[in-house]
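Protein chains in written order, with this note's numbering: chain A, 9 to 124; chain B, 916 to 1056.
I should point out that these hints are in silico values taken from the structure, not numbers from a laboratory.
One or more hints might be untrue.
Cut-off 25 angstroms, straight-line C-alpha distance, at most; resulting in silico cross-link-like pairs (PhoX-like, lysine-lysine) [claimed, not checked]: (1) K1011/B / K61/A; (2) K1011/B / K85/A; (3) K1011/B / K86/A.
Residues on chain A that point at chain B, a partial pick, calculated with CB under 8 angstroms [said to hold, decoys possible]: (4) R10; (5) D76; (6) T78; (7) E80; (8) Q87.
The beta carbon of each residue, even a glycine, is placed where N, CA and C say it ideally should be.
Spelled out, the chains give:
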Amino acid sequence: MRLTIDGVVYSARAALTVRPTTVEREAGANQDGTMFVTTKPVVAEAEITLGDKCGLNINALTNACRVDATIEIIDMKKQWLFTYSSIVGRPEYNTEDGEIRGLRIASSFAREIFLT
Amino acid sequence: MSDAHLNEAFQGWQQPQTPSGVGAASANAVAAAQGAPVNPDDPHSVRLTRPIDTHQGRISVLTIRPPKAADFMEIGTMPFRQRISEGGTQVDIDFKLAGVWLSRLTGHDQSILGTLESRDFIQAVANLMTIIGDVGDDAGK
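Please take these sequences and the hints and turn them into a complete structure.
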């Protein structure tokens, strides 16, 4: 897996969790037993866990605005494109192993690209 | 890839005959966006044999902007070295570094550029060398 945010390649320490859709639907039941569905807009998100490295500036990452993030799943020949995204969440930094968790890529424009 | 194939791809770099300048690049990029034919002699535009998906949508023309001082200072080195010997001129290309330059000058990250067809990437590298070479030719004038 390869993670690129605003042109900078980051090392993902753990598996990413991608929520690519921009709507969330819930189903409910009417009194007569028929189903209704509600749709709520949400932002597409990807939870990321990074590995620290020399020169990695967490403040610059979290202050970035409208950046493009590309998540490439190499073995699946697939890319997720989060366009005009922001990095949200509160990063937590583990000094023992350099793991940085708690960050999410959020965007209202997310696409899945299948590579040939 | 054979040396002959590479030499053919970089023929334009060895004898650059292309117009340079921001005006030509901008006009060509606008023309490409509108679906008009791209000037094949303009190194700032690369017509792709296979379109790629980017954050700006699917593109069939890769636009390479002129480099600025910040590009040279932050990347730090050129993507190619030219060696002149008795047998002629040989160009050593660092494709990894060329990818860094292209990512910076096109605005597309390397994961996106990695989906280019090989021939399109090689053409883009050749155009990049022409663009950087033009900068060197213009320096001091």
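Results for each hint:
no.: 1; hint: K1011/B / K61/A; in the structure: holds (20 angstroms)
no.: 2; hint: K1011/B / K85/A; in the structure: holds (21 angstroms)
no.: 3; hint: K1011/B / K86/A; in the structure: holds (22 angstroms)
no.: 4; hint: R10; in the structure: holds (6 angstroms)
no.: 5; hint: D76; in the structure: holds (4 angstroms)
no.: 6; hint: T78; in the structure: holds (4 angstroms)
no.: 7; hint: E80; in the structure: holds (5 angstroms)
no.: 8; hint: Q87; in the structure: holds (7 angstroms)
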